[in-house]
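There are 2 protein chains.
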Amino acid sequence: MDLINGNDIAAAIIAELKQEVAALPGRKPCIALVRVGEDPASVSYVRKKEKTAAEIGVTSRILLPPISITQDELCQLIDELNADPTVDGILVQSPLPKHIDDLAIFRRVAPEKDVDGFHTLNLGKVAQEDETGFVSCTPAGIMELLARSQVDLKGRHVVVLGRSLIVGKPVALLALQKKAGANGTVTICHSATTNLSAITRLADVLIAAIGRPEFVTADMVKPGAVVIDVGINRVPDATKKTGYRLTGDVAFASVAPLCSLITPVPGGVGPMTVAMLMKNTVKAHRLSRR
Amino acid sequence: MDLINGNDIAAAIIAELKQEVAALPGRKPCIALVRVGEDPASVSYVRKKEKTAAEIGVTSRILLPPISITQDELCQLIDELNADPTVDGILVQSPLPKHIDDLAIFRRVAPEKDVDGFHTLNLGKVAQEDETGFVSCTPAGIMELLARSQVDLKGRHVVVLGRSLIVGKPVALLALQKKAGANGTVTICHSATTNLSAITRLADVLIAAIGRPEFVTADMVKPGAVVIDVGINRVPDATKKTGYRLTGDVAFASVAPLCSLITPVPGGVGPMTVAMLMKNTVKAHRLSRR
Numbered sequence: 001m002d003l004i005n006g007n008d009i010a011a012a013i014i015a016e017l018k019q020e021v022a023a024l025p026g027r028k029p030c031i032a033l034v035r036v037g038e039d040p041a042s043v044s045y046v047r048k049k050e051k052t053a054a055e056i057g058v059t060s061r062i063l064l065p066p067i068s069i070t071q072d073e074l075c076q077l078i079d080e081l082n083a084d085p086t087v088d089g090i091l092v093q094s095p096l097p098k099h100i101d102d103l104a105i106f107r108r109v110a111p112e113k114d115v116d117g118f119h120t121l122n123l124g125k126v127a128q129e130d131e132t133g134f135v136s137c138t139p140a141g142i143m144e145l146l147a148r149s150q151v152d153l154k155g156r157h158v159v160v161l162g163r164s165l166i167v168g169k170p171v172a173l174l175a176l177q178k179k180a181g182a183n184g185t186v187t188i189c190h191s192a193t194t195n196l197s198a199i200t201r202l203a204d205v206l207i208a209a210i211g212r213p214e215f216v217t218a219d220m221v222k223p224g225a226v227v228i229d230v231g232i233n234r235v236p237d238a239t240k241k242t243g244y245r246l247t248g249d250v251a252f253a254s255v256a257p258l259c260s261l262i263t264p265v266p267g268g269v270g271p272m273t274v275a276m277l278m279k280n281t282v283k284a285h286r287l288s289r290r
Numbered sequence: 001m002d003l004i005n006g007n008d009i010a011a012a013i014i015a016e017l018k019q020e021v022a023a024l025p026g027r028k029p030c031i032a033l034v035r036v037g038e039d040p041a042s043v044s045y046v047r048k049k050e051k052t053a054a055e056i057g058v059t060s061r062i063l064l065p066p067i068s069i070t071q072d073e074l075c076q077l078i079d080e081l082n083a084d085p086t087v088d089g090i091l092v093q094s095p096l097p098k099h100i101d102d103l104a105i106f107r108r109v110a111p112e113k114d115v116d117g118f119h120t121l122n123l124g125k126v127a128q129e130d131e132t133g134f135v136s137c138t139p140a141g142i143m144e145l146l147a148r149s150q151v152d153l154k155g156r157h158v159v160v161l162g163r164s165l166i167v168g169k170p171v172a173l174l175a176l177q178k179k180a181g182a183n184g185t186v187t188i189c190h191s192a193t194t195n196l197s198a199i200t201r202l203a204d205v206l207i208a209a210i211g212r213p214e215f216v217t218a219d220m221v222k223p224g225a226v227v228i229d230v231g232i233n234r235v236p237d238a239t240k241k242t243g244y245r246l247t248g249d250v251a252f253a254s255v256a257p258l259c260s261l262i263t264p265v266p267g268g269v270g271p272m273t274v275a276m277l278m279k280n281t282v283k284a285h286r287l288s289r290r
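Just so you know, the protein sequences line up as chains A and B, in that order.
In terms of this note's numbering, the first sequence opens at residue 1 and continues consecutively.
In terms of this note's numbering, the second sequence opens at residue 1 and continues consecutively.
Treat the hints with caution; some may be incorrect.
Identical copies go unnamed one by one, so any copy, or any two together, can satisfy a pair.
[Unchecked claim] DSSO-like, lysine-lysine: derived pairs with alpha carbons at most 30 Å apart:
hint : residue 1 : residue 2
1    : K178      : K154
2    : K28       : K178
3    : K98       : K18
4    : K179      : K98
5    : K179      : K51
Rather than coming from a laboratory, the hints here were simulated on the basis of the structure.
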């Protein structure tokens, strides 16, 4: 069994982007990071994005509207960023407060600045295999982890556990594409799937994205499989200072010995999302210059 | 084994639409049918659409630009139809001549008039389970055939053979949706799939959409399965006046006895596409009045 080291792969991508940005003439790529309110997890995520942008040479512009901002005001803020030619990418940090219609906000972002890849048009482009769009960061990160671990999906059975808009569906569409590295046979399972373990045991590559701690157990995995664990779950742990530990959707200790390759949690898919966000931002800048 | 009679189901939908349109006050729904050149199959398809529209009470406006039309001229024609408030739906008949970029033309149609459901935004809405969009007619017709044959996909394994943009991918996304009747576990197979028959034999519902005559044979089908045959292939047949006969992607004679339900070709999925086009046109008219 080998580990897929997401920290190392993300660091390699960040180093490549840094080189690419350094070589760019004129204005550098710029990402607008919009964080509504002071949710502690959001504060930490946005800080991490700002730090990675700085490392690469991407300018970031931080916007911190108060939690009381209205839907209309937030739309207006996004419209201003859409219209600003010095902003290449716009990220609106999730979760948004309950009084905000988040789907409407994600769709308000101009598709050509939607570096989070949440816009309907960008999801449609993933289905159409149109590379002028933006792939959302977690599925893009999963494909990059596989590619850089020399896992070619062609003709292999990829089983995706979870049908979310942010991970399950787009990663299934990516694994299915005709391009090199993809071309997998893809099955998508979810809460209504019956006989789940019989299906997951078919997987040459199993992608777990359901947000249930240690849900995937050894009896659900075919020996030799590649396992990608997208879950980041907090489970209570009295032995930790924080009172919790992080665990994935896979019962790592018992599953890992069966696998040919597996991502750990933390340090697997997690670090890839910020790297892919930056990759999308550099792409948005490149496309806007054409 | 029972046959799913697409002619009967399409006729029922057409009768429902006729009632709905008759009850509409004011201007009736209108579809613009654009046919470039004189391809005989296209002539026949457009005539069929015109005839069905008339039967329902939907106005049709037929536009017949010459085969020499340029990309720019065709775009201009579509822009005019997009801007015309008396046109609810626009259908550009495929195939287009080789000098035309068809994907660009399909994307030129305003999403809210894209009753063919080929626009990137409408495909994205299928993935997002957003019902304000338009589902392309063949996948929508397949779901309607299943629903009206009391086939509930919940927890059942749906295997889709083919990953086309027009059928395979959208029908997979529809079967996967959380709404009533759907909720299937979905596998998508294609030309790069290895061990194909082992996978198709898992199918409770098998949807064949690969365009290869009689490709699905009895050894590929689980006894009791529901089989939906999307293929319409012409194979040479000297005993026919036309010199060919129509056959599906399924070897009907040997597969049918195994099935609980199966669609014939012709008379299965085929008649549904025009019915669903009309359903989309009536929906476009309804949405435009809001």
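Tested hints:
1. K178 <-> K154: both (9 Å within a copy, 29 Å between copies)
2. K28 <-> K178: neither (33 Å within a copy, 43 Å between copies)
3. K98 <-> K18: neither (37 Å within a copy, 43 Å between copies)
4. K179 <-> K98: Between. Shortest inter-copy distance 24 Å satisfies the 30 Å Cα cut-off; intra-copy 40 Å does not.
5. K179 <-> K51: Neither, since 33 Å and 41 Å both go past 30 Å.
Of the numbered hints stated above, those contradicted by the structure are hints 2, 3 and 5, listed in ascending order.
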